[in-house]
Amino acid sequence: MKLYCLSGHPTLPCNVLKFKSTTIMLDCGLDTTSVLNFLPLPLVHSPRLSKLPGWISKDGTINLEKVLDARELLDLSTIDVILISNYHCMMALPYITEHTGFTGTVYATEPTLQIGRLLMEEVVNFMERVPKAQSATCWKNKEIQRMLPGPLKDAVDVWTWKRCYSMQEVNSALSKVQLVGYSQKVELFGAVQVSPLSSGYSLGSSNWIIQSHHEKVSYVSGSSLLTTHPQPMDQSSLKNSDVLILTGLTQMPTANPDGMLGEFCSNLAMTIRAGGNVLVPCYSSGVIYDLLECLYQFIESASLGTTPFYFISPVANSSLEFSQIFAEWLCHNKQTKVYLPEPPFPHAELIQTNKLKHYPSIHGDFSSEFRQPCVVFTGHPSLRFGDVVHFMELWGKSSLNTIIFTEPDFSYLDALAPYQPLAMKCVYCPIDTRLNFHQVSKLLKEVQPLHVVCPEQYTQPPLTQSHRSDLMLELQPPPMPYRRCSVLNLPFRRRYERVYILPELANSLVPSEIKPGVSVATVSAVVHSKDNKHTLQSVPKPPPVAPSKKRKRVMDEPPVVLAPKPLLSGAVPLEAFLATLQKHGITEVKVEETADGHILHLQAEDTLIQLEEDGTHIVCDNNEPLRTTLRDLVLRFLQKL
Amino acid sequence: IGKITGCVFPLQGAGQDVGRSCILVSIGGKNIMLDCGMHMGYNDDRRFPDFSYITQNGRLTDFLDCVIISHFHLDHCGALPYMSEMVGYDGPIYMTHPTKAICPILLEDFRKITVDKKGETNFFTSQMIKDCMKKVVPLNLHQTVQVDDELEIKAYYAGHVLGAAMVHIKVGSESVVYTVSVNKYAKSHISAWIDKCRPDILISESTYATTIRDSKRCRERDFLKKVHETIERGGKVLIPVFALGRAQELCILLETFWERMNLKAPIYFSTGLTEKANHYYKLFITWTNQKIRKTFVQRNMFEFKHIKAFDRSYADNPGPMVVFATPGMLHAGQSLQIFKKWAGNEKNMVIMPGYCVQGTIGHKILNGQRKLEMEGRATLDVKLQVEYMSFSAHADAKGIMQLIRMAEPRNMLLVHGEAVKMEFLKGKIEQEFSIDCYMPANGETATVTTNPSVPVDISLNLLKREMALGGPLPDPKKPRTMHGTLIMKENSLKLVSSEQALKELGLNEHQLRFTCRVQLQDPHSDPDTLHRIYTHLKSVLKGYTIQHLPDGTVMVESIVIKVSSSAEDTNAKVLLLSWSYQGGEYFFTALCIVKRLMYQ
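Protein chains in written order, with full-length UniProt numbering: chain A, 1 to 641; chain B, 1 to 600.
Excised from the complex, chain A in its bound form (with noise of 0.2 Å):
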C-alpha cells in the first residue's frame, strides 16, 4: 500500500492512496494563494491600479496554481475513484478530470457538491466577467522569471500556475460526482469499501473510511468538534484503524473562534455606531452562516435594528436557499427546526425583514437600493477579484470604514498589499473551526490508530512560534510524514482475504476437534473468483475414467492433482497400538527400545515399524494388503490436518 502525496498544503491536501489494486485520489485541493502575486482585477477601471510601478501590470492575467502537476509522480489516467472530503477541498476537480484522460467517478455529498458548484461558479463568473484585453505566459519561463521583480523571482514552479478553467469544465468535472450519504457503503470493484462520515466542519463535510474485510484506512481531512450548524463529527467510526491520514487541521492554532466571532461583532457594531461601514471578504458559504446567525442574535441587542446588511455574490441566493434545504446534514437544533416547520437559519428571517438583501453584484438593483453606513459580505477574501475589489477602493480611503478578515485562507497583509497605503481600518478575525492540537491528540488517544501520517508541518511547531510545542503532534509512535512530492508505504501487511464457502461445501466438511474449542477440518475446493470475490465450491466429481487399454498413455500425461493427504500431528502410544495390532491378528512382535521411540519387528510378516515422538516409518517390502492395514492402523492415533 502506497500514498503518492501530491500537495505539501496541509488543508488543501491532494494524496493518491493504493491499496489492493485500486487507486484512490483523496481530495483535490487548490492553493489559491499564488493569486496573491497578482494585481485585483477591479470591476471598473482604476487609474491607480493601473499607474502602480513595479508590478507586472502589463500582464493582468489572474492564474490560479493548480495543487501540482502530478504527472511526474502519477498517471492521473489510472486514478479510479476521487473521494472528496468538503467544497474547498474540491476546487482543483476540473484540473484532474478534464484534459488528463480521467475516466473514473468522483464521489461526494450532495452538500458538498451543490456547494463546490457554486464557489466553483462564482470563482468563474469573477474571472470572466472582467475580460483580459492581454494575457502573458512567456513570463513563466524559467530564463525570463528570473529577471523578474520581488517575490515572483522566487515563486516555486510557477510553470504549473494554471488559468481558471470555465464553466464548460467545471459541468463536466461535476457530471463525474456520484452522491453518497453519510455511513453509505460503496464498493469499489469488490476490493475495496468506502464509506463517507460526518466531520462536523461543513455542510456535508466528511472523512472517509477506506477498508477491505481486514484492514482499514481512515482519511481524516478538514474535521471540526465545535457546536456550529453542521451535524456533529462522527468520530466512533474512526475506532480501529491501522492507518490515519490526518489532514486539514486548523490554520490558526492560536486563535478561539468563538473569541474571534465576539471580537468580530463588537468590531462591527463599534464602525457602525461611529457611521463607518464594514466590509467583510469571505467565502460565499461555510463561516458566512454562522457569521448571519451570530448577527441575528446581536443585532436587537447593539441597536443595529436598522443597518443594513448585504451580501453580494453571483451566488449569494442560491447559497441562503440551499443551505435551508439539508436538513439531514444539520446538528439536531437544526433538524428540530425543519420538523416543525421552520427553516433550520436564522437568515431566512433577516431577509424577510428585509435586514438583509443579497445581490449577484454591485450592479442594477445593489447600486440603487444601496444605503451607508452598512455592513457588506463580499469575495473573494484574497481581495484579488470579486465584487471585494471594487468596495476596497470606494471605502479604503475613509479611516471611519473598517474591514474584518474573517477566512484563515490568506495573510491579510498579503491581501492588502496592493491597496496600501489605507487610511480604512483593519481587524484580523480569523475564524477557523477545524481541529486544534488539543482536540486531535485527545481524537487520535481516543480512536487508537496502529499509524499516523500527516503533512510533515504538524510534526514541528509553526517556524514563528518554535518554542510552543503544544503545536505539534506528539504521538507514540511518531506519525509519518509527508511532504509534497513525497512517496510513503504505509506499514501494512495483508494477511488475510475474505472468501465465502457455498453451502453444499460448507454442509459437506468433517469438522474435528483438535482441542477444547478449536476445531479443524481440510478442504478440498473450487475457487471461483468474479468481481475481486472469491468463492469456493466443492470440487465436481471427475467422470469415471473408461476402462482404457492403452496404460501406458496415461503414464505419459502429466499427473492429475489429486486431493493431496492431508498432513499429520500427535504421536503413537506404544501400548495401544501394540493391542491394535493384536486384534488384526499381529501378535509375533518383538519391540526394541532406542534412544527416540521404539522398533516393533513383527516378525512373522518380516516387517519393521519404527515409532518415535514425531515420527512413524514403515517398512515393509512387496506386501501391499499388509502395508495398507498397517498405515490405517497407524493413522487411526493421529491427527489430519
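None of these hints come from the bench; they were simulated from the model. The reader is advised that the hints may include incorrect statements.
What the hints assert, rightly or not - Here are some chain A residues the structure puts well away from chain B; computed CB gaps all over 10 Å:
{"#": "1", "residue": "G104"}
{"#": "2", "residue": "L174"}
{"#": "3", "residue": "S183"}
{"#": "4", "residue": "G262"}
{"#": "5", "residue": "A274"}
{"#": "6", "residue": "E328"}
{"#": "7", "residue": "L463"}
{"#": "8", "residue": "M480"}
{"#": "9", "residue": "L635"}
What the hints assert, rightly or not - Derived CB-CB ranges, DEER-like:
{"#": "10", "chain 1": "B", "residue 1": "Q146", "chain 2": "A", "residue 2": "G305", "range": "45 to 53 Å"}
{"#": "11", "chain 1": "A", "residue 1": "T629", "chain 2": "B", "residue 2": "Q511", "range": "27 to 35 Å"}
{"#": "12", "chain 1": "B", "residue 1": "N367", "chain 2": "A", "residue 2": "H528", "range": "53 to 61 Å"}
{"#": "13", "chain 1": "B", "residue 1": "D148", "chain 2": "A", "residue 2": "G305", "range": "34 to 42 Å"}
All values reported here derive from a predicted model rather than from experimental measurement. We put the CB at the ideal spot given by N, CA and C, even for glycine.
For this one, chain A is given, so just place chain B on it according to the hints.
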C-alpha cells in the same frame, strides 16, 4: 454452518387485505417489524394490529430488534404510539427525516378526530405521540445504519410520497428488501432505484396488482379535462386527499392549468395543514423530484397563486369551485361534510385520487353504491358524479415487475393487496422470473429457506498460491482446486495451508514414512544401476519431476530411490524405495517401471 430460515409474518391487516400494514420479519435470528399501521375502516379494537401475535407474555422490546416505518401514511404508521407507549416498546424505530417530521402531525390530527370529536377513549394521547417520536432514529437515503453488530439497514428512495423509502435489511449474508409502493413514474429523481442487491426475499405491496396503469401524463390530462368540464357547467369538484403527498402534486397541476387557461373559479384547500404541508415540501425539497429541485432557488413550486385556504362557509357559496379536502377516503372530517352537502346535485363531481379501504364511504361510492346509510339511520342519495383516478402511487404490476428485475430477489412476497389480484400477480411473477412467490394471509407465517454461504478468512498466501497455479485467467475447463485447513475457533473461521495450520495451533508434524526393499540382480556398479534407472524413468514418465541428486539418490516426485549392494555379491542389489504418507501416489507406477527395467 447450517441453514437459516427467514420468516415473514404479516400481522393482521397486512396480508391479503388492504387497510393497514404491519409485518414481522425474522431473519438470521433478528426480528424486525416493518410498518405499524392502523385500519381506517374500523372504529374498534380491530383498528390496531394484534401485537399479542408476537409475544404472548414477553415484552416487545425484548423480542423486536427494531421497527422500520416506510412512509407517513396512517395505514403504515398509525399504530406506532399505540405499540410503543400503550403496549410498550422501547427499542429503536427507524424512519426517514420527512417521515419523522410529518408523521407526528398526522397522528395528532387523527387523534383529535377520534378522541376530541368522536369522544373515543382508549386511544393514545398527545404526550404518547411525543414520547413515541423520541424513540425514532432518522434515516438518510443510502446511509447504512448498523442497528447492532449483525443487523444493518439501508434506505432507498421509493417516490411514493414525501420521504417514502424502500429498506434493505441485512443480517450476515441474508437480506430482505421491503417496499411499500414503488412509483415507477417518479423516477425523475436522484436514484429512485435499488442496487442489484439480490435479497433472499423481496416484500412488496400489491395494492394495484392488476392495474397496469396508463402513463401519468394521460391520467393528468384526463383529470384536468374532468375538472374543467365540471367547472364549465357550473358544478363543484370535491377532491378528497390526504394532507400530504399526492395533494401537492395535484395542486401544482391545477395551479399551472388555471394559469394557462386563465380560469377564475376558486380553488380551495381545506385544513390548516396546507401551508404547513407546503412548507415541509419546501424544506425537504431534496426528497422531491428533480424538476422541482432544480428550479427551487428561482421559484418555489409550493407557493400557489390560485389556491386559497378553505373556510367551512364556502361550501354553500354558489357557483363553481374546486376543493381539496381531507381525509382522502371520505371516512370522516371535512371531506365527508362537504360530500354530504354536494352529493345531491348531479352537476357536481367527486374525484377520488387514491385507493379507498373497505368500509369507508369512498369505497362504497366507488363500487357504485348510490344510497348511503348515514349515522342516525338517515340515507343519502348520491347524485353527483363519481370519478376515480389512480394517482395514488401504490405499486402497480409493472412497477413491481421492474423492481424484481432490478433487485433480482430469490423469493418474492406479496402483501397489502386483495387476494384475487395478488394471485394474478403471483402467477405472472412465477412465470416470468421463475422465483417462488408467497402471499401469506393475515396472521399466517411464510417461511422462506435461505441458504447462505459461509464467510471465511483465507490466508492471502494460500489464495495467491492457488491463483498462481490456475494461471492468470480462469479456465472453465480446468477449475482451480485449492486445499487447505479450516480452523474453527470461537467465532472465527480461518482457512490456511496445512503447514500454517500446524504452526498456528502449535502442533508438531508427525512424519509417516514407508520403505520398500526390492531385491534384484544387476551386474553394473551401484551408481550405474541408479543412473540406468534414472534415464529409464525419465524416458517413460514424461511430465513427472524426476531428479538425480548428488547424494546418490533418484527422486520421482517425492519418492526416494536408492541402490545398494551386499558386500559378498556385488550383483545382488537392494533397491530401496522410500516415500512419505503424503507423497505415495506414484509409488506403484515407479516400482513397476523399475521392475520391468530390471527383468528385461
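Okay, the hints, checked on the actual structure:
1. G104: holds (19 Å)
2. L174: For L174/A, whose nearest Cβ neighbour in chain B is about 14 Å away, the distance exceeds 10 Å, so it holds.
3. S183: At about 5 Å from chain B, S183/A fails to clear the 10 Å cut-off, so the statement is violated.
4. G262: Given a closest Cβ separation of 31 Å, the condition holds.
5. A274: Non-interface label stands for A274/A: nearest chain B Cβ at 37 Å, farther than 10 Å.
6. E328: violated (5 Å)
7. L463: The assertion about L463/A holds, with a minimum of 43 Å to chain B.
8. M480: Non-interface label stands for M480/A: nearest chain B Cβ at 24 Å, farther than 10 Å.
9. L635: Non-interface label on L635/A violated, nearest chain B Cβ at 8 Å vs cutoff 10 Å.
10. Q146/B <-> G305/A: 45 to 53 Å: Distance hint for Q146/B, G305/A holds at roughly 49 Å.
11. T629/A <-> Q511/B: 27 to 35 Å: violated (20 Å)
12. N367/B <-> H528/A: 53 to 61 Å: holds (56 Å)
13. D148/B <-> G305/A: 34 to 42 Å: violated (53 Å)
In this structure, the hints that do not hold are numbers 3, 6, 9, 11, 13, in rising order.
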